[in-house]
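Please model the complete structure; the sequences and the hints are all you need to start from.
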Amino acid sequence: MQKVALFGAPATGKTTLAARLASELGFRHTDLDDLLFTFDGALPLAEFRRQAAEITSGDAWIVEGNFSKLADVVWHRADVLVWLDFPLSLIVSRIVRRSLRQLTGREDSAQARRLTWGRAFFGRRSLLRSAVRKYRNNRPRYVRQVDETAALGVEVVRLRSPREVERWMAALCRGEAER
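Letter 113 of the sequence shown, counting from 1, is numbered 108 in our numbering, and no numbers are missing.
For the record, the hints were derived by calculation from the structure and aren't laboratory data. Honestly, I wouldn't trust all of these hints.
Here are the simulated distance ranges between beta carbons [said to hold, decoys possible]:
#: 1; residue 1: E19; residue 2: A146; range: 24 to 34 Å
#: 2; residue 1: R96; residue 2: N133; range: 22 to 32 Å
#: 3; residue 1: R120; residue 2: G21; range: 32 to 42 Å
#: 4; residue 1: S52; residue 2: L83; range: 29 to 39 Å
#: 5; residue 1: F34; residue 2: G170; range: 23 to 33 Å
Beta carbons are placed, not taken as given, at the ideal position from N, Cα and C, and that holds for glycine.
And the structure:
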C-alpha cells in the first residue's frame, strides 16, 4: 500500500484516519480541502485538478477528501481506496458535536475560523443540512464510482463504522492488512 485515497461524508474521521495512516506508513498526507481553499477563495477546478494530479503522480502518498470529481486523478491512481461509509445518524451527531466545539472555541481549524451558528446549523446551506443532502444524493453515485475504481484494479476498503476502522487499522499495524 503506497498510494491511498480516502473519502467519506463530513465528520467520518477522514483527516484523523489519514494522519494515522501517514504516521504508520511514513507517507505524506494531503487534505484536498487544504488544497482547494486558499486565502483568496476556492481554486478554479482546472487548477485544483492540476495540483491534485501533481500530488498523486508520486510513488507514495495519502490523499483525503470528498471530491469524487477528481476520481480519475486521485482514486484511479491509488493502490487502495478507503471509503468511510458511516450511518447518517452517526454523521449528524458528529457534525453537531464538532460544530459546537468549534463555535465555543474549544477546537480550532480553518473551518472553525469561518464557522457561524447559521453556517453550522440554521442556514439553507448549513453544514448540517448539506451533510444530510449530500449523504442522500451522493451515495448512489459513490457506489458506481467506487465500482468503476475497483474495476481498474484498485483495492477498495469500505468501512461502515468507527469499530471497523479500528479493526482495519489494528490489522494494518500487525501486518495483516496489505501494506
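Quick rundown of the hints versus the structure:
Taken as a hint, the range 24 to 34 Å holds for the pair E19 and A146, whose Cβ atoms sit roughly 28 Å apart. Against the hinted window of 22 to 32 Å, the Cβ-Cβ separation of R96 and N133 comes to about 25 Å, which satisfies the hint. Between R120 and G21, the C-beta spacing of about 39 Å keeps the proposed range 32 to 42 Å intact. A hinted range of 29 to 39 Å holds for the C-beta pair S52 and L83, which are about 35 Å apart.
For the hinted restraint 23 to 33 Å between F34 and G170, the CB-CB distance of approximately 42 Å leaves it violated.
When the structure is compared with the earlier hints, a violation turns up for hint 5 alone.
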